[in-house]
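*Asks:* Sequence:
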Amino acid sequence: MLHGGRGTIAALLVLVWSGDAFGGRGPLKGPYLTGLSDDGVVVRFELAARAAASVQVVREAPGMQPGAARTFDSHDAASMHEVRASGLDPGVSYRYVVRSGGVSIGEGRFVTAPKPDSSAPITFLVYGDSRTDPAAHSAVARAMEQVPSDFLVNTGDSVGDGGNDDDWQSFFDVEASLLRSRPIFSAVGNHEIYRDPSGARFLRYFGFADAGGPPRLYGTVRLGNIRLFFLNSQHAWDSGDERRWLERELALADDERSVIWRIVVVHDGPWSAGPHGSSEKLGEGRVPELLAQHKVDLLFSGHDHCYQRGDAGPIKYVVSGGAGAPLYGITRNLSTTRKAVSAYHFVEVQANADRIQIVARRPDGAEIDRCGLRKAGAWDCDPATPASAPPPPAPRPPAPPAPSASRAGCDVPGVKGLAAGARGRVALAATGMLAVPLARRRRRRG
Numbered sequence: 000m001l002h003g004g005r006g007t008i009a010a011l012l013v014l015v016w017s018g019d020a021f022g023g024r025g026p027l028k029g030p031y032l033t034g035l036s037d038d039g040v041v042v043r044f045e046l047a048a049r050a051a052a053s054v055q056v057v058r059e060a061p062g063m064q065p066g067a068a069r070t071f072d073s074h075d076a077a078s079m080h081e082v083r084a085s086g087l088d089p090g091v092s093y094r095y096v097v098r099s100g101g102v103s104i105g106e107g108r109f110v111t112a113p114k115p116d117s118s119a120p121i122t123f124l125v126y127g128d129s130r131t132d133p134a135a136h137s138a139v140a141r142a143m144e145q146v147p148s149d150f151l152v153n154t155g156d157s158v159g160d161g162g163n164d165d166d167w168q169s170f171f172d173v174e175a176s177l178l179r180s181r182p183i184f185s186a187v188g189n190h191e192i193y194r195d196p197s198g199a200r201f202l203r204y205f206g207f208a209d210a211g212g213p214p215r216l217y218g219t220v221r222l223g224n225i226r227l228f229f230l231n232s233q234h235a236w237d238s239g240d241e242r243r244w245l246e247r248e249l250a251l252a253d254d255e256r257s258v259i260w261r262i263v264v265v266h267d268g269p270w271s272a273g274p275h276g277s278s279e280k281l282g283e284g285r286v287p288e289l290l291a292q293h294k295v296d297l298l299f300s301g302h303d304h305c306y307q308r309g310d311a312g313p314i315k316y317v318v319s320g321g322a323g324a325p326l327y328g329i330t331r332n333l334s335t336t337r338k339a340v341s342a343y344h345f346v347e348v349q350a351n352a353d354r355i356q357i358v359a360r361r362p363d364g365a366e367i368d369r370c371g372l373r374k375a376g377a378w379d380c381d382p383a384t385p386a387s388a389p390p391p392p393a394p395r396p397p398a399p400p401a402p403s404a405s406r407a408g409c410d411v412p413g414v415k416g417l418a419a420g421a422r423g424r425v426a427l428a429a430t431g432m433l434a435v436p437l438a439r440r441r442r443r444r445g
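0 is the number of the first residue of the sequence shown in numbering that gives the first Met the number 0; add one for each residue after it.
Incorrect hints may have been included.
[Unchecked claim] List time: in silico SDA-like cross-link candidates among lysine to any residue, alpha-carbon distance up to 25 Å: (1) Lys114 with Gly239; (2) Lys280 with His293; (3) Lys374 with Ala352; (4) Lys114 with Ala210; (5) Lys294 with Asp353; (6) Lys374 with Pro120; (7) Lys294 with Ala60; (8) Lys374 with Gly239; (9) Lys374 with Glu279; (10) Lys294 with Glu366; (11) Lys114 with Thr219; (12) Lys114 with Lys338; (13) Lys280 with Glu255; (14) Lys294 with Lys374; (15) Lys374 with Leu227; (16) Lys114 with Leu249; (17) Lys374 with Arg331; (18) Lys114 with Leu297; (19) Lys280 with Arg373; (20) Lys280 with Glu366; (21) Lys294 with Ser176; (22) Lys294 with Glu283; (23) Lys338 with Ala365; (24) Lys294 with Ile259; (25) Lys374 with Leu251; (26) Lys114 with Ala60; (27) Lys294 with Ala365; (28) Lys114 with Ala199; (29) Lys294 with Gly212; (30) Lys374 with Ser257; (31) Lys374 with Ala199.
Keep in mind that the hints were calculated from the coordinates and are not lab data.
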């Protein structure tokens, strides 16, 4: 894996920074990492006041003297900075320092992705739906820091209100330590576009680069032998630019040299046994069939606040929506469901040349699920099933409830799951297998 014998990136990170530590110049957000590739990374940070900045990058090799420093400047006097450190070597550890006004305001470490034709294993963590409860979110984030990984995949709904700057600040405050050393790729959720219909803030913090124009809410990245596709589930997928983009990128990936695993990440997924159910937009657009046609192996989604693992024929899927939002019960009996638990969690994924393994963990590190799959095979932890068939169409969800006054107009039945009290609400939410009974009280959807 990218971190190899170097141990956890978090253990390598030695960082003390704050507004006080740097004479009041500490960033509001970050520095944090996005845009990981085999030749670099993007360092993003938001300053309290408009100013120019720079990022200095030094190669690190165990037992060797550091390499020569390289500096990447962001000359514009701006508050939000997005600095691409490029021309680096693949699969190598680097230390970076962010400076503004001649003062160091933050630092961290990262490891570049391996070359596309590399057989090196890659480990990443999947999580999502962290909105609403910073205490529960903090417990999950702290647990993720203890697990070695090369990057993070977020299934969306990082915040409760995409138009609320305080919600965004809370997210970055909770994940500050994690994001300084783990590049993050995120799918946009429905709550990211609540009161921000264009997703301007999501684009500002996590948007996917478009060489020919402004950043987008969707994108694709290549990391080692993996091709990842991040979709905007709020889009009507039967037509439009995003549909044409997906068809084009899937076709290009069909013959992409040395790609082994094709993985899709989308907030509102095509299969879910939770109260939200399966995405109507993806079903109407026959997206599951399109993904199967282009040999997509695995799909990650969120939206329902629980853990699920399923088998939809050639496509295997995982629902990971347990990073802090109020937990939901398992309310639907889908033929595709193989495991479903209402619990706070994150998912560790290791991709080798011939197998993917997933381990779902609670904040205390206890395992919820451990399973693997080989190319075009079934989950290896389940009883033997008939040979894979084309994926069943995504079930159409029932008519939505009448609009409510809640954020994003999305109230659904859920599971109480949390004890009262701000700090005691975290790690010990009730868990349940299939057919967790619904609470009488209604919870906000998301």
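*Asks:* Could you work out which earlier hints the structure fails to respect and list their numbers in ascending sequence?
*Replies:* Hint check: 1, 7, 8, 9, 10, 12, 13, 17, 19, 20, 21, 27, 28, 29, 31 fail, others pass.
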